[in-house]
Every structure is written in C-alpha cells, then in structure tokens.
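Chemist: Top to bottom, those sequences are chains A, B and C. Position 148 (the first sequence) corresponds to 148 in this note's numbering; numbering is contiguous. Position 288 (the second sequence) corresponds to 288 in this note's numbering; numbering is contiguous. Position 195 (the third sequence) corresponds to 195 in this note's numbering; numbering is contiguous.
It is possible that part of the hints are untrue.
As the list claims (entries may be wrong) - Once the Cα atoms are required to be at most 16 Å apart in a straight line, the calculated EDC-like pairs of lysine to aspartate or glutamate come out as:
# : chain 1 : residue 1 : chain 2 : residue 2
1 : B       : Lys339    : C       : Asp309
2 : C       : Lys231    : C       : Asp151
3 : C       : Lys269    : C       : Asp128
4 : C       : Lys269    : C       : Asp309
5 : B       : Lys339    : C       : Glu295
6 : C       : Lys269    : C       : Asp100
7 : B       : Lys339    : C       : Glu274
8 : C       : Lys318    : C       : Asp256
9 : C       : Lys269    : C       : Glu280
Please keep in mind that the hints were generated in silico from the structure rather than gathered at the bench.
Residue strings, one per chain:
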Amino acid sequence: MRRDRVAAAILFCAGLFGWAEAQRYGTLSRLFPQVVAVALMLLSLILLLQSLTAGARRAAVAYRAQRAAGERPDARGVILALLVIVAWTLLLELLGFWTTSVLAFALLVYVLRAPDQRAATVWKTIFAGVLLVTLFVLLFRITLRVPLPEGLFW
Amino acid sequence: MPAVLQAVLTVLHPLNLLLISIGVTAGIGVGALPGLTATMAIALLVPFTFGMNVVHALVLLGGIYCGAIYGGSYAAILINTPGTPAAIATTFDGFALARKGHAYRAIVVATIASAIGGLVGVFFLLFLSPPLARASLRFGPPEFFWLTVFGLTIIATISPKSTVKGLIGGAVGLLIGTIGIAPIEGNVRFAFGTVALQNGITLIPALIGLFCLPEILDMIGSRYHRETAIPYRSQRHMLRRVWRLMARKPWLLLRSSVIGTVIGIVPGAGANIAGMVSYNEAVRVSKTPEKFGHGAIDGITASEAANNAGVAGSLVPLLTLGIPGAPPAAVLLGALLLKGMRPGAELFTVHAAVTYTFMFSLVIANIVLLPLGLMLGRAASKVVSGLPITLLAPLVFFLSVIGSFSIQNNVADVYVMLALGVVGYIGRRAGFQPGPIVLGLILGAMCEQGLVQSILMGRAAGTPLAIFFTRPISLVLIALTVVSAAWPMLARMRQRHTPAVAAAHTHPIVEEKRDA
Amino acid sequence: MDRQNRRGRSVVLLTVALAVLFALIGAMSVAAAGAGEAQSYPSRAVNYVIPFDAGGQSDITAQYQREALERVLGVDVVIRHQPGAGGALAWAALARGRADGYTFAGNNIPHIIIQPLVRENAGYQTEDLRPVYMFQTTPIGLAVAANSPFDTLEELIEHARANPGRVTVSGSGTHSGHHLAILQLQYLSDTEFTYIPATGAAPSVTNFLGGHTQAILANSDDLVQHQDAMKILAIGTAERFHALPEVPTFIEQGYDFTAGIDRGVTVAKDTPEEIVRALEAAFDAVSRDRALVAEMEALGFEMHQTGADEFAAYIERKQREITTVLAELGEL
Numbered sequence: 001m002r003r004d005r006v007a008a009a010i011l012f013c014a015g016l017f018g019w020a021e022a023q024r025y026g027t028l029s030r031l032f033p034q035v036v037a038v039a040l041m042l043l044s045l046i047l048l049l050q051s052l053t054a055g056a057r058r059a060a061v062a063y064r065a066q067r068a069a070g071e072r073p074d075a076r077g078v079i080l081a082l083l084v085i086v087a088w089t090l091l092l093e094l095l096g097f098w099t100t101s102v103l104a105f106a107l108l109v110y111v112l113r114a115p116d117q118r119a120a121t122v123w124k125t126i127f128a129g130v131l132l133v134t135l136f137v138l139l140f141r142i143t144l145r146v147p148l149p150e151g152l153f154w
Numbered sequence: 001m002p003a004v005l006q007a008v009l010t011v012l013h014p015l016n017l018l019l020i021s022i023g024v025t026a027g028i029g030v031g032a033l034p035g036l037t038a039t040m041a042i043a044l045l046v047p048f049t050f051g052m053n054v055v056h057a058l059v060l061l062g063g064i065y066c067g068a069i070y071g072g073s074y075a076a077i078l079i080n081t082p083g084t085p086a087a088i089a090t091t092f093d094g095f096a097l098a099r100k101g102h103a104y105r106a107i108v109v110a111t112i113a114s115a116i117g118g119l120v121g122v123f124f125l126l127f128l129s130p131p132l133a134r135a136s137l138r139f140g141p142p143e144f145f146w147l148t149v150f151g152l153t154i155i156a157t158i159s160p161k162s163t164v165k166g167l168i169g170g171a172v173g174l175l176i177g178t179i180g181i182a183p184i185e186g187n188v189r190f191a192f193g194t195v196a197l198q199n200g201i202t203l204i205p206a207l208i209g210l211f212c213l214p215e216i217l218d219m220i221g222s223r224y225h226r227e228t229a230i231p232y233r234s235q236r237h238m239l240r241r242v243w244r245l246m247a248r249k250p251w252l253l254l255r256s257s258v259i260g261t262v263i264g265i266v267p268g269a270g271a272n273i274a275g276m277v278s279y280n281e282a283v284r285v286s287k288t289p290e291k292f293g294h295g296a297i298d299g300i301t302a303s304e305a306a307n308n309a310g311v312a313g314s315l316v317p318l319l320t321l322g323i324p325g326a327p328p329a330a331v332l333l334g335a336l337l338l339k340g341m342r343p344g345a346e347l348f349t350v351h352a353a354v355t356y357t358f359m360f361s362l363v364i365a366n367i368v369l370l371p372l373g374l375m376l377g378r379a380a381s382k383v384v385s386g387l388p389i390t391l392l393a394p395l396v397f398f399l400s401v402i403g404s405f406s407i408q409n410n411v412a413d414v415y416v417m418l419a420l421g422v423v424g425y426i427g428r429r430a431g432f433q434p435g436p437i438v439l440g441l442i443l444g445a446m447c448e449q450g451l452v453q454s455i456l457m458g459r460a461a462g463t464p465l466a467i468f469f470t471r472p473i474s475l476v477l478i479a480l481t482v483v484s485a486a487w488p489m490l491a492r493m494r495q496r497h498t499p500a501v502a503a504a505h506t507h508p509i510v511e512e513k514r515d516a
Numbered sequence: 001m002d003r004q005n006r007r008g009r010s011v012v013l014l015t016v017a018l019a020v021l022f023a024l025i026g027a028m029s030v031a032a033a034g035a036g037e038a039q040s041y042p043s044r045a046v047n048y049v050i051p052f053d054a055g056g057q058s059d060i061t062a063q064y065q066r067e068a069l070e071r072v073l074g075v076d077v078v079i080r081h082q083p084g085a086g087g088a089l090a091w092a093a094l095a096r097g098r099a100d101g102y103t104f105a106g107n108n109i110p111h112i113i114i115q116p117l118v119r120e121n122a123g124y125q126t127e128d129l130r131p132v133y134m135f136q137t138t139p140i141g142l143a144v145a146a147n148s149p150f151d152t153l154e155e156l157i158e159h160a161r162a163n164p165g166r167v168t169v170s171g172s173g174t175h176s177g178h179h180l181a182i183l184q185l186q187y188l189s190d191t192e193f194t195y196i197p198a199t200g201a202a203p204s205v206t207n208f209l210g211g212h213t214q215a216i217l218a219n220s221d222d223l224v225q226h227q228d229a230m231k232i233l234a235i236g237t238a239e240r241f242h243a244l245p246e247v248p249t250f251i252e253q254g255y256d257f258t259a260g261i262d263r264g265v266t267v268a269k270d271t272p273e274e275i276v277r278a279l280e281a282a283f284d285a286v287s288r289d290r291a292l293v294a295e296m297e298a299l300g301f302e303m304h305q306t307g308a309d310e311f312a313a314y315i316e317r318k319q320r321e322i323t324t325v326l327a328e329l330g331e332l
C-alpha cells in the first residue's frame with residue numbers, strides 16, 4: 001500500500017537521523033538510542049518490502065474498496081477543529097486559562113455544529129460547556145490550588 | 001495479635017468507613033478523567049490530610065489510590081483513553097465492547113475484576129510482605145533490563161493486525177523515551193537546544209496525546225455518521241449475568257491478580273505495565289486468542305484485575321523496606337514520613353496498629369468499590385453516551401489540556417500532548433496503534449537504565465557481558481522472553497495444523513496476518 | 001436554516017462578549033491585588049515551588065514548613081511541584097517569571113550550581129536567582145553492606161587503590177551531590193571507583209540493598225533509616241553528625257571535603273529588597289520553631305538558620321569549589 005511505503009520512508013529517515021544525531025554523544029549515552037535507531041531502520045525496510053508483496057497489493061485494493069463504500073471522515077471539520085485546538089493551547093499563557101478555554105470551547109462547538117442544528121441547541125451546548133469549564137477551573141484553582149496559567153486576564 | 005484485632009475494629013468504625021468510601025469515590029472521579037492520575041490525586045490531597053490524625057489520613061489516601069486505579073477503566077472503556085497509565089490494556093477490549101453498545105457491561109466486568117484483583121493483592125500484602133519484599137531486592141539492573149525486554153514482547157500480542165507496525169511503534173516509543181538527559185554521562189539528547197525537551201517527554205502528556213487526541217479527532221471526523229461517541233443499551237440483571245460469565249474462568253481472575261501483585265512489587269516496574277503483562281498472558285493461554293481486541297471480557301478482566309492487584313503490590317516494598325513500588329506509592333511515602341512514620345521494621349512494631357489499620361482499610365476499599373463502582377459506572381456510561389459529540393469532543397480536549405498542564409505545572413507538556421496527538425492521529429490513519437508506542441515510552445527509560453548500569457557493573461567485575469546471562473532471575477526472564485516472542489509463530493503453526501479452527505474464524509485479522 | 005445559522009452566530013458572539021467581560025473583571029481584580037502588593041507583602045497566597053518530585057525530601061521539608069509559614073506570613077502557602085532536568089526546569093521558570101516574591105522555589109545545592117555548569121543551556125544561570133534562606137543540610141555518607149569485608153574507610157580505599165575500577169558505588173544520578181562526592185573522594189584519595197548512578201535516591205538505595213553494588217553514597221536520612229543493613233564508613237559533615245555520632249567524618253580520616261545537599265529557598269534576582277527581607281524573616285521564624293526542628297532532626301536532617309547574605313556568600317564559595325573540582329576531573 002502506498003501509505004505504508006510513505007510511512008516506511010519517513011520512519012527510515014527518522015531512524016537515520018536519530019542514529020546520526022546520537023553519534024555526538026558519549027559511548028554509554030549513544031548506545032541505546034543507536035541500537036533502537038538501527039532497529040527502527042531495519043523494521044521500516046521490512047515494512048517497505050511487505051508493502052511491495054502481492055498480498056499487500058490485494059489488501060490495498062480491498063482497503064480502497066472498503067473506504068469508497070464506507071463513511072468518509074469529515075476532513076474539513078477535523079482540520080478546522082485542529083486549528084482551534086492549536087490556537088487554544090498557544091494562547092493559553094497569553095490570555096489566561098479560563099478565558100482561552102471558554103473562547104475555544106464556544107468556537108469549537110460552533111465549528112462542529114451540524115448544518116441543520118437549531119440555534120437553541122448550539123446555545124445550550126455552549127452554555128453547558130462554559131459551565132463545565134468554569135466548574136473545572138474553579139475546582140483546580142480554588143479547591144486543589146493548582147496554579148493554572150493566568151495570562152492577561154484569568 | 002492484639003494489634004491486628006484492634007486494627008480490624010478501627011477500620012470498621014463508621015467514620016473510617018465513611019472516609020474510605022469518600023476516598024474511593026474521589027479516586028474514581030479523578031481516575032476516570034483522562035489526564036488526572038492516581039499520583040496527582042494523592043499529591044494534591046496530601047496537604048488536606050495534614051491536620052487529620054494519621055489513621056484517617058491513611059485510610060483516605062489508600063481509598064483514593066484504589067479508586068483512582070480502578071477509575072482509569074472508565075475513560076479507557078468510554079472514550080478509548082486510559083484514565084491512568086495502568087488502564088492501557090483495558091482500552092483494547094473495553095472500548096470495542098462500548099462501541100457495540102455494551103459500555104456498562106464492560107464497566108461491570110472491570111468493577112468485579114478490580115475488586116477481586118484488589119483483594120488478592122491485599123491478601124499478599126497482609127501475609128507475605130516481608131519475604132516478597134526481600135525477593136524484590138534481587139531485582140538488580142540486569143533483571144530490570146530483561147524484564148523490559150520481556151515487556152516489549154507484549155507488542156506482538158497487542159498489535160494483531162501488523163506485528164511489524166507494532167514493533168515500529170515500539171521502537172518509536174523507545175526513541176522518544178531517550179529524549180532528555182542521558183542516565184549515565186548526562187548528555188542532553190535530542191533536545192535541539194530547547195529547555196523544554198531537556199526534561200524529556202513526560203509519560204502522561206504523551207499518553208493523553210497519543211490516545212485521546214486521535215480519538216477526539218475521530219469523533220469529530222465521524223460526527224455526521226453517529227450522534228454520540230458510543231451507543232448505550234441497557235440490560236437487566238447485568239451484574240448476575242456478567243458474574244456468571246466471569247465465574248467460569250476463576251483461573252484467569254486469579255492468575256491476573258497474582259501477575260499484577262508480583263509486577264507491582266518490583267520497584268519501578270509498577271502498576272503501569274502490570275495490566276499489559278497480564279493481558280499478554282491471557283491472550284497466550286486463551287483458546288480463542290482471535291477474540292481479544294474485539295470486545296472480549298477476558299481482556300478487560302486480565303487488565304483490571306492486574307492493575308488493582310498492583311496497588312497492594314506497590315505497597316509491599318513501601319511498607320516493609322521504605323521503597324516505593326510505583327509513583328503513587330512514592331507520594332504515600334511522603335505522607336507517611338509527614339506523620340512521623342518511617343517505613344521499615346518500625347511500622348510493624350511501634351506503629352503496628354496504624355499499619356494494620358491501613359492494610360485492612362484497603363480490604364474495605366476494594367469491597368466498597370463494588371457497589372460504588374457499579375453505581376458510578378452506570379451513571380458515567382449513561383452520561384457519556386448521552387452527550388452529543390459537539391459537547392464531548394471539546395470537553396475531553398479541555399480535560400486533556402488541564403491534565404497535561406497540571407501534572408508538572410508546565411505549559412510545555414501541553415505542547416508535547418498536542419504534537420504527539422497529531423503524530424498519533426496521522427499514525428492511526430496509517431495503521432499504527434498508540435499502545436506499542438506508549439509501551440516503548442514506559443519501558444524505554446527503565447530498559448536503558450538497566451542496560452548501562454549492568455554494563456558498568458560488568459566492567460567493574462571484569463566480565464562485561466557475563467552479567468547479563470549468569471544470574472538466576474535473569475535466566476528465567478530470558479526464557480520467558482523467548483517463549484513470549486516465539487509464541488505468535490507457534491500459535492500460527494498450531495492453527496495451520498488444525499484447519500477446521502482456522503476456517504471457522506475468518507476474521508479480517510487472521511486474513512491480514514497471512515498476507516503479511 | 002439561514003436564520004438559524006445567523007442566530008447560532010449571534011449566540012457565539014454573545015458568549016464571546018460575556019467571556020471578555022468576565023476576563024476583564026478577572027484582570028481588574030488581579031491588577032487590584034497588584035496595587036496592594038507594594039504596601040504590604042504578602043497580601044495574597046504565595047507559591048512555594050518544589051523543583052523535585054512529590055514525596056521527596058524537599059517536598060517533605062516544605063510540607064513540614066507550610067503550616068508554620070502560613071502562620072508567620074498570614075496568607076496561604078501553596079506547595080506545587082515542578083520536577084525535571086535535575087531541578088533546572090523550575091529554576092529556569094523562576095528566573096523568567098515575575099520577580100514579585102509571590103513565587104519562590106526550593107534551592108538545592110549542589111544541583112542549582114551544577115546544572116548551568118555542565119549544560120550548554122540549562123535555561124538559567126545561578127546568578128539569575130537570589131538566595132533567601134538556607135534551613136537544612138542532608139549530609140552524604142559512604143556505606144557498605146553489613147556483611148562486607150570492609151570495616152573502615154581506609155580498608156575500602158586500600159582495596160580500591162589496588163583494584164582500580166573494581167569497587168562499585170551506587171548514587172542518585174549523574175551530576176548530583178552523590179556524583180560530586182565520589183569525584184572528590186577519588187580525587188583526594190587517588191583511587192578509581194565505578195560510580196553507578198540511579199534515577200534518584202530511592203532506586204539507588206534499592207540497588208545497594210539488593211547487593212548489586214558494593215558501596216553506596218546516600219543521604220543521611222536514608223542512612224539513618226537503613227543503618228541496620230549497612231556499615232557506614234564516613235559522613236560528609238565538618239563535625240560529627242548528631243544522628244549518627246559514632247560515624248567518623250571524611251575530614252577526620254584525612255580526606256578534606258564535606259558532602260551534602262543544602263536546602264533553602266530562592267527568588268528571582270530582581271525581587272525588591274524589602275520583599276526578600278520579609279521572606280527571610282518568615283523562614284527564620286519557621287526555622288527557629290523548636291518542635292519543627294526536633295521533628296526534622298529525628299528524620300536525619302541537619303537544621304540551619306542561615307540568612308540571605310550568608311547564604312549568598314556560601315553559594316559563591318561552593319560555586320568556586322565545584323567548578324574547580326569538575327574542571328580538574330575533566331567533567332567540564
């Protein structure tokens with residue numbers, strides 16, 4: 001399968017990089033990572049060979065047929081959600097934990113809503129989310145005294 | 001024996017029973033939330049116990065420990081993310097069962113297994129602590145090395161679809177585990193000049209990232225096809241039905257509990273891998289190994305009985321020698337010292353009443369775990385299956401963030417979680433499962449430590465390599481490793497000799513294996 | 001459909017507006033607290049950061065101090081753990097953070113000195129931190145198993161001199177206090193041991209008790225706890241150690257060095273002088289609490305009452321000493 005070949009190539013490079021990088025370290029510091037890196041390279045070669053066999057080709061055809069027939073994941077939704085999630089963590093220290101979480105939560109619910117969903121449902125979901133976030137933040141901040149990032153706001 | 005009798009009476013005092021129940025409940029809550037671990041629960045609550053008397057403090061903390069390790073199964077079953085590292089093996093069959101609408105059944109299995117495993121563990125703790133603790137000291141660096149090598153053979157079992165991909169995952173995990181300061185010469189490895197990576201990759205954020213984030217993204221990707229993360233089907237007389245099924249295999253329960261206790265006793269190995277080792281053995285002994293991974297209750301039983309037995313196991317070296325068997329036990333050690341109690345012989349003489357009270361409180365904790373777990377588990381599975389994905393996905397991610405951060409009060413851990421989460425999602429789409437990667441990460445540091453320490457010991461003795469092959473426990477572990485590594489091949493050969501069996505199970509896994 | 005969409009959007013806008021409002025209120029309250037700061041320190045809860053794991057010696061010490069500290073300061077003291085990179089992670093965060101005295105961290109010598117020396121980028125320099133108070137030392141001692149053929153330090157050294165590299169010594173890690181102690185002993189006695197570092201004090205003790213190493217360098221509290229299973233040959237104090245009075249010091253036996261882990265607290269360099277002094281006074285009061293001192297001493301700790309200036313001078317001296325030793329032994 002193609003994705004296996006791509007994976008094998010990437011992992012082989014990762015192993016090679018790890019081996020080369022470890023070359024700079026002391027004998028006992030590089031022993032373990034280099035052994036593992038070599039194992040990783042060998043295993044990716046095996047994966048590459050496997051992906052070239054006839055059996056793998058048959059499996060690939062079956063996989064593609066299965067995917068065509070089955071449900072396709074909503075790629076746009078995943079990417080949008082991932083963007084929100086990344087922004088969420090990056091702004092954590094800048095804006096403060098509660099602020100970021102509430103904003104990102106609302107945004108995420110909005111991004112994920114179904115096209116035919118009623119506004120009242122979205123509103124309820126957001127409200128429940130904000131409530132839960134606030135509860136947890138209060139639990140951590142006040143009861144358990146975990147110092148969550150404060151940032152500009154809270 | 002008056003101390004023992006007195007201890008039993010103390011434990012049965014209503015206030016202590018109440019504290020144990022509170023502890024177990026709180027522990028279940030913390031354990032069930034992905035990212036909040038038993039270690040953290042105990043560490044966060046130690047300050048609250050400061051003003052309490054020593055008995056109350058200890059029974060509360062003991063209850064939390066038991067509850068948290070058990071509670072980890074909820075997240076494992078309901079959202080495919082181990083709530084604590086100990087519950088990794090529970091995800092394999094628990095989530096599969098939940099996907100079929102049997103989340104509550106999976107939780108009932110986990111509850112019964114945990115209670116029984118916990119009780120078996122406490123039995124060993126009560127009656128066999130001193131000899132077991134002394135035996136655990138025989139585990140030196142070479143033994144740790146071989147134990148981890150043996151642990152790595154589990155990969156073959158937990159990646160039935162493609163052994164090569166499983167092994168690659170394991171190697172990646174081992175390599176990620178080498179990030180940070182090297183154990184012997186102090187070289188900073190793979191940190192690329194950043195301060196954050198010098199600390200290495202912390203287990204919990206990696207665990208959440210690799211398990212949880214891909215699951216969230218999967219939920220999001222498929223939200224038009226299914227309203228909620230898991231369906232929920234209620235069934236009557238669940239407890240009785242499940243118990244009848246489980247009672248048919250008393251050996252599985254007992255074996256898993258003993259494995260859990262023993263692995264828990266070995267200092268440093270801890271409950272984290274007890275579940276996986278036990279799962280591995282369950283698959284190996286099973287007559288229908290192909291059912292594992294598709295919702296076999298035996299898989300849940302093996303994992304959960306072992307990890308809760310490991311709780312008592314980790315207390316064996318703690319109470320007798322003052323050496324914690326697992327990270328939560330290390331925090332308990334701190335709590336003991338704060339109360340002026342030095343683990344070791346003194347605990348069983350000067351403080352005998354308190355020590356036995358603590359041990360008996362664990363018996364009670366494992367008993368109250370049954371009704372509490374069934375109640376909370378039912379509620380949890382109903383709530384999670386009732387939540388729409390639009391709420392569940394952001395909520396689980398929020399918990400992942402708060403959990404990764406608060407494990408070390410470090411924002412860098414949140415980025416690690418996110419980065420590994422993206423890697424895990426892409427990997428999952430390419431057929432790489434998170435289990436082997438996390439296993440590699442857990443075992444990596446211990447494996448390398450054992451390896452280089454053994455080399456140093458060997459050099460000092462003048463026989464650099466002999467040290468790996470001349471010690472009795474090492475030899476046993478080597479034999480186990482060889483058997484465990486060769487087993488899948490042996491099993492396949494056996495299957496070929498009995499074509500009727502192979503034909504009866506035309507599972508896709510069996511097919512793919514042959515293609516490989 | 002379109003209308004619902006629009007309503008959905010307005011709902012989000014409303015939430016955003018609400019969130020901003022709340023955040024502003026939060027920010028104002030933080031600012032108000034900031035304004036109060038200058039008048040009297042401390043006016044709100046302080047954070048006591050432990051650069052090591054929960055359950056360790058630094059943590060236990062801090063838990064002991066917390067109550068008394070809260071009494072003296074009159075505010076909540078929140079202990080939080082930020083372990084990693086031999087303490088460097090927490091110290092780097094402290095050096096980068098706000099220098100307002102509301103966050104202070106445990107200061108462990110030699111760790112706080114060694115990390116920036118042996119690492120290209122530890123994230124901080126020892127000079128980025130302002131020592132406040134030193135309250136405790138855990139002396140390091142050298143021990144062999146109870147059934148070992150060696151009864152004195154001299155016998156062990158003789159044996160090691162005759163068989164270079166053959167004697168294995170367990171310790172808590174690379175570039176730790178134990179590592180430094182073995183380097184100093186090797187340097188002063190002209191011997192060569194095989195130092196086997198573990199990932200902390202507990203696994204090191206396990207390795208030794210299991211008979212996997214011949215000797216161990218351990219902290220005094222571990223020595224006190226396990227004294228029945230071992231023969232303690234020497235201890236790294238200047239005078240005899242109160243908890244183990246029959247054990248001779250290294251100095252007595254002709255090896256002129258002390259070894260120990262010194263614990264105190266430190267703040268960011270630019271912290272206002274009066275806040276440093278207030279904190280120093282608070283820790284001084286706590287460290288003179290007789291009951292507390294007695295409890296800590298029973299656990300095998302040596303208690304001190306060393307103020308900011310003396311502590312700073314001590315760190316400077318230690319820094320020079322450690323730099324010299326590491327340089328001469330080629331560890332730098």
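Chemist: Evaluate each hint against the coordinates.
Modeler: Structure-based check of each hint:
no., hint, verdict
1, Lys339(B) - Asp309(C), "34 Å, violated"
2, Lys231(C) - Asp151(C), "7 Å, holds"
3, Lys269(C) - Asp128(C), "5 Å, holds"
4, Lys269(C) - Asp309(C), "14 Å, holds"
5, Lys339(B) - Glu295(C), "10 Å, holds"
6, Lys269(C) - Asp100(C), "10 Å, holds"
7, Lys339(B) - Glu274(C), "35 Å, violated"
8, Lys318(C) - Asp256(C), "14 Å, holds"
9, Lys269(C) - Glu280(C), "15 Å, holds"
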